[in-house]
Amino acid sequence: MTQEQFQDQWTAVDSYLTDHLAPADEALNAALAASDAAGLPPIQVTPNQGKLLSLLAQMQGARTILEIGTLGGYSTIWLARALPENGRLISLEYNPVHAEVARANLARAGLDKIAEVRTGAALQTLPKLATEPGEGTFDLVFIDADKQNNPSYVEWALKLSRPGGVIIVDNAIRGGAVLDADSTDPAIVGTRQMYELLAREPRLDATAVQTVGAKGYDGFLLARVVA
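Position in the sequence shown (from 1) plus 1 gives the number in the numbering used here.
The hints are simulated quantities; they were obtained by calculation from the structure and are not laboratory data.
A portion of the hints provided could be inaccurate.
Here are the simulated lysine-lysine pairs, DSS-like style, with alpha carbons at most 25 Å apart [said to hold, decoys possible]:
id	residue 1	residue 2
1	Lys216	Lys114
2	Lys52	Lys114
3	Lys129	Lys160
4	Lys129	Lys114
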């Protein structure tokens, strides 16, 4: 099969799995439509990936979630729905236009009391978050932002997570480009530095999973805070 044929098959399989296991609803469809209408890039997680995030949060028994990179709030909806009524999700978004779209999408989904979107560069927002009472005990952190800063995001996620907390990083394979030690692409450099950090960090126990699907060849990283 050619690469194009593989991609067609991956997309068809994703559609089949979504139809059976992660069907869309009005709020999710509206979030995608509003994001598209506002000109946001179509780089949100797929429905299957959103469902995976939700299941992982539920398996973790998460009551507090931190998301770094909101975009239009599609993944935020999946994560917030996994929380109990008294749960809390804080999502950090650099772009104020994206943040406003996400806030509207969360309100439409009835999740604006649980999920809060904060605007600003995450590396400036995270230190402020760390000073707030009770903010060092996140049960789950989902990182899906600018990849060159992934090492710093993982370090902050570790600081802000409780022992036993889970850290998930999206786009951790980059179509296999993580193998390129000579790459000057900031996203590749940042992703490789993230793996180097994880390899030497005894407080994190991690693995990565390669995936194929509607968005091609990529993968995600899973880490557990062990101390």
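* Asked: When the hints from earlier in the document are held up against this structure, which numbers fail?
  -> 1
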